[in-house]
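Turn these sequences into a full structure, and let the hints guide you.
Line by line, the protein sequences give chains F and X.
Read in my numbering, the first sequence has 87 at position 87, and its numbers run on one by one without any break.
Read in my numbering, the second sequence has 79 at position 79, and its numbers run on one by one without any break.
Be a bit skeptical, because a hint or two may be false.
[To be verified] Quick list of the computed label-pair ranges, beta carbon to beta carbon:
#: 1; chain 1: X; residue 1: VAL237; chain 2: F; residue 2: GLY145; range: 27 to 35 Å
#: 2; chain 1: X; residue 1: GLU240; chain 2: F; residue 2: ARG189; range: 52 to 60 Å
#: 3; chain 1: X; residue 1: ILE265; chain 2: F; residue 2: PHE155; range: 33 to 41 Å
No lab work stands behind these hints, which were simulated from the structure alone.
Cβ coordinates follow ideal geometry from the N, Cα and C atoms, glycine included.
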Amino acid sequence: MSNKRVQFSHSAIPYLFIAPQMLIILIFFIWPALQAFYLSFMLEDPWGLSREFVGLRNYLYLFKSSEYLSTFLFTIFYSAMVAGLSLGLALVLAVKANAVIRFQSTYRVLLTWVYAVAPAVAGITAYFIFNRHIGVMYDLLLSMGWDFSPETNAFDATALLILVSVWKQVPVNFVFFLAGLQGISKAVREAAALDCASPSRRFWTITFPLLAPTTFFLLVINLTYAFFETFGLIDTLTRGAPGGATTTLVYKVYQDGFLGADLGLSSAQSVVLMALVLSLTFFQFRFIERKVHY
Amino acid sequence: MNRSHWLDHTILWVGILFLLTPVWLLIASSTHSTQTILQEGLQFLPGSEGFAAYKTALTKATGFTDTATGYRMLLNSTIMGLGFAIGKILISMMAAYALVYFRIPFAGFLFWIIFSTLLLPLEVRIVPSYDVVSQLGLLNSYTGLIVPLIASATATFYFQQFYKTIPNELLEAAQLDNAGPFRFFFDILVPLSRTMIAAMFIIMFVVGWNQYLWPIMMTTEESYYTIIMGIKNILSVIRESRVPDFNVAFALVVLSLVPPVAVVIIFQRWFIQGLVESEK
Numbered sequence: 001m002s003n004k005r006v007q008f009s010h011s012a013i014p015y016l017f018i019a020p021q022m023l024i025i026l027i028f029f030i031w032p033a034l035q036a037f038y039l040s041f042m043l044e045d046p047w048g049l050s051r052e053f054v055g056l057r058n059y060l061y062l063f064k065s066s067e068y069l070s071t072f073l074f075t076i077f078y079s080a081m082v083a084g085l086s087l088g089l090a091l092v093l094a095v096k097a098n099a100v101i102r103f104q105s106t107y108r109v110l111l112t113w114v115y116a117v118a119p120a121v122a123g124i125t126a127y128f129i130f131n132r133h134i135g136v137m138y139d140l141l142l143s144m145g146w147d148f149s150p151e152t153n154a155f156d157a158t159a160l161l162i163l164v165s166v167w168k169q170v171p172v173n174f175v176f177f178l179a180g181l182q183g184i185s186k187a188v189r190e191a192a193a194l195d196c197a198s199p200s201r202r203f204w205t206i207t208f209p210l211l212a213p214t215t216f217f218l219l220v221i222n223l224t225y226a227f228f229e230t231f232g233l234i235d236t237l238t239r240g241a242p243g244g245a246t247t248t249l250v251y252k253v254y255q256d257g258f259l260g261a262d263l264g265l266s267s268a269q270s271v272v273l274m275a276l277v278l279s280l281t282f283f284q285f286r287f288i289e290r291k292v293h294y
Numbered sequence: 001m002n003r004s005h006w007l008d009h010t011i012l013w014v015g016i017l018f019l020l021t022p023v024w025l026l027i028a029s030s031t032h033s034t035q036t037i038l039q040e041g042l043q044f045l046p047g048s049e050g051f052a053a054y055k056t057a058l059t060k061a062t063g064f065t066d067t068a069t070g071y072r073m074l075l076n077s078t079i080m081g082l083g084f085a086i087g088k089i090l091i092s093m094m095a096a097y098a099l100v101y102f103r104i105p106f107a108g109f110l111f112w113i114i115f116s117t118l119l120l121p122l123e124v125r126i127v128p129s130y131d132v133v134s135q136l137g138l139l140n141s142y143t144g145l146i147v148p149l150i151a152s153a154t155a156t157f158y159f160q161q162f163y164k165t166i167p168n169e170l171l172e173a174a175q176l177d178n179a180g181p182f183r184f185f186f187d188i189l190v191p192l193s194r195t196m197i198a199a200m201f202i203i204m205f206v207v208g209w210n211q212y213l214w215p216i217m218m219t220t221e222e223s224y225y226t227i228i229m230g231i232k233n234i235l236s237v238i239r240e241s242r243v244p245d246f247n248v249a250f251a252l253v254v255l256s257l258v259p260p261v262a263v264v265i266i267f268q269r270w271f272i273q274g275l276v277e278s279e280k
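Next up, the structure:
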């Protein structure tokens, strides 16, 4: 935990320093997590008056439910699309921004500011732009013969959600890629320029492998983003419509638990998600541990 | 400028237009009348109404109790952003200090408890968290809005990594000078962490300001509404098939994104440093 050769001697002081964090974690993290675990074995009547122990019934229901399966598959598909597209676009932009000499800082500012836009704000902005009555994009698509209707068409809703999620995520990836590119030493770049004449070959044989750790790290960040942070986006843009076609796992936890008041089922979903994220992060942690050397 | 440079700049500008256009449409349209927007759709060029819609958005009370004006919501968002950023930085710096600079029994255990919070965002345990906060009587309060969000230890991780890079000699020198743990923390470690604090502050302020799910669950009293939640109200008006004052709605959306975007642009250098540092 600590690599310091010298430390302060043992006393009550460290506990004083760590206590606020531990207290907050106990009350607002451990307690709800345990509660989720407990509630996942319970069946609660919709008014919250009584609870009954039902064992694994909530879980069994989940695993047999075709609705949950399609939510699960949608989440995977959506996350992969968002990660893939936003990584690709950001990489192109970062490579170009790194290549140009003039206006580099202007480009950097103009390409990163979207980072600070809230997902919910991105959602409502897209809602307006694709709106049937006032949206310019709706008109544009219609003139191309596409009657865009995300309220009733699952394909349209999914496309819209992915587009806005990518819009929101490109800036984050751009910053990391640019930092990674600028971290490549001049000597390496000069040697590369001598060895390979073609710029694209130079990119794929030398630059891209050097960016691989950044790309892997970003992949994890992007998946986490698509899993959790897009809640505000979905709630403002599609609300899972049509018929749950754009519901992600996290959005469903909220829908079933808070709107549908089925605490047991929602808690079981929380536990499933926790297990999922735990295994994903275990993987990530091993990677990061390997990567960080001082 | 040769031909390939010209292509590079073109690609960059296409990317910038992709990112900029949606927000520009809202800004331009907010200076038109609702009439114009209804008849002609969103506008690419600024209109004749100027910033009138912004004045309305800031002062007009919405909702049932007429307490949620734009000003009020901006104030709440500011409290939320500042409270979240400051609270998180304070407890994280302290906890990281205890972990790095002291030999405590069960340090490994404490470390894992703290870092398990990185794995499970609030969204996953949202319903039981709501339950706990309501049992503690913290619904509709700034404490309930801010403190549960602080439970995730992202910043602790960064500060711990940062402290590890500080040379050992510093503590040795401080101990020779008879500086105790408090002196060392406040007089040496805190000033050394300035850039790190700045970077964390920018990122955390943006995260706090942009919160959506937790505030909508936590608050039923309109005096606690944040500006990001105000957006939900605009949408519910539209979804009930009523026509909102589109220009005022756009103004509210623009107002909600100006502070975090301004913070990121103005403190660009620290922001990028923070993002890249946090990669570790």
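Now for the hints, and whether the structure bears them out:
Range check, VAL237/X to GLY145/F: about 32 Å between beta-carbon atoms, so the 27 to 35 Å window is met. The supplied range of 52 to 60 Å is met by GLU240/X and ARG189/F, whose beta-carbon atoms lie about 58 Å from each other. A C-beta distance of roughly 36 Å is found between ILE265/X and PHE155/F, which places it inside the suggested range of 33 to 41 Å.
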